[in-house]
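Can you build the whole structure from these sequences, using the hints too?
First residue of the sequence shown? That's 0 in numbering that gives the first Met the number 0, and the numbers climb one at a time after it.
Bear in mind the hints are in silico, worked out from the structure with no lab data behind them.
Treat each hint with caution, since some may be false.
[What the hints assert, rightly or not] Quick list of the computed label-pair ranges, beta carbon to beta carbon:
#, residue 1, residue 2, range
1, Leu-174, Asp-69, 21 to 31 Å
2, Gly-94, Asn-34, 39 to 49 Å
3, Leu-174, Arg-12, 14 to 24 Å
4, Gly-94, Met-222, 35 to 45 Å
5, Lys-206, Gly-167, 12 to 22 Å
[To be verified] No more than 27 Å apart at the CA atoms, straight line, and that leaves these computed lysine-lysine pairs for DSSO-like:
#, residue 1, residue 2
6, Lys-96, Lys-139
7, Lys-117, Lys-139
8, Lys-96, Lys-33
9, Lys-140, Lys-17
10, Lys-17, Lys-201
11, Lys-117, Lys-37
12, Lys-231, Lys-201
13, Lys-150, Lys-140
14, Lys-139, Lys-17
15, Lys-17, Lys-100
Don't be surprised by glycine CBs; every beta carbon is placed ideally from N, CA and C.
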Amino acid sequence: MGQVTEFHDVNVRGLNSKRIQCDEIWSFCYAKEKNAHKDGQPDFAGDIWTWTSLDADSKLICNWFVGGRDAEYANYFMNDLADRLNNRVQMTTDGHKPYLKAVEGAFGNDIDYATLVKLYGPSPNGRTTRYSPAQCNGAKKKNRTGNPDEKHVSTSYAERQNLNIRMGMRRFTRLTNAFSKKYENHCHALALYFVFYNFIRKHATLKTTPAVAAGLVDEVYTMEMIVDLVEKRAPKTGRPRKSENT
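What follows is the structure, encoded as structure tokens:
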């Protein structure tokens, strides 16, 4: 990805979260990375990553960002997240190195931050198939800033959210021909998903939507309500004028 993307706001601000988990999920746009950057292909062709932050209590997606996976994108993602929070939080990320400086730059010392690195290896029974995932043989926790509570150092909810994304949007499914052909379409699909997830879909455990659980809204939204809000913000189209020749 050779461009910095814009942030995609789902009207989630002023959050009073206590525990945040962050992760990234891979996909590709137009062509896989090994086939990208050929003559005539758009700049956005290749690997594309969706960064997400999730409130561990309300399961709310606090913010999301689409782009590359290097330090530049990590900085944009974390600065945007910091602007949405009202108070000090405990945060957990995986061991992806760009997170370290990005969290420091966005929050300074005003955060309790830890990383969790899962250790993978071959299955103990030695039986694998072509698409068998590596076996998780343990996890390494490390405090980075402040005083995070070790029992809440986890990325499990964020990783489960990655599965929700893959199950909810076929363009994220591996070995598919439904991948995004345009960067804008990829972002539009994600915007629809996150609005649906935060405001409309009831969480199975919470029995309400993440937005209600987080105190952002007082009721479960419907798709009709979302469409109505969009139409109210959309520019009004004037009545078409008759042509002089008609």
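Status of the hints after comparison with the structure:
no., hint, in the structure
1, Leu-174 to Asp-69: 21 to 31 Å, "holds, 26 Å"
2, Gly-94 to Asn-34: 39 to 49 Å, "violated, 29 Å"
3, Leu-174 to Arg-12: 14 to 24 Å, "violated, 38 Å"
4, Gly-94 to Met-222: 35 to 45 Å, "holds, 38 Å"
5, Lys-206 to Gly-167: 12 to 22 Å, "holds, 20 Å"
6, Lys-96 to Lys-139, "holds, 15 Å"
7, Lys-117 to Lys-139, "holds, 6 Å"
8, Lys-96 to Lys-33, "holds, 23 Å"
9, Lys-140 to Lys-17, "holds, 19 Å"
10, Lys-17 to Lys-201, "holds, 21 Å"
11, Lys-117 to Lys-37, "violated, 36 Å"
12, Lys-231 to Lys-201, "holds, 25 Å"
13, Lys-150 to Lys-140, "holds, 10 Å"
14, Lys-139 to Lys-17, "holds, 22 Å"
15, Lys-17 to Lys-100, "holds, 21 Å"
Figure legend: structure checked against the earlier numbered hints; hints not met, in rising order: 2, 3, 11.
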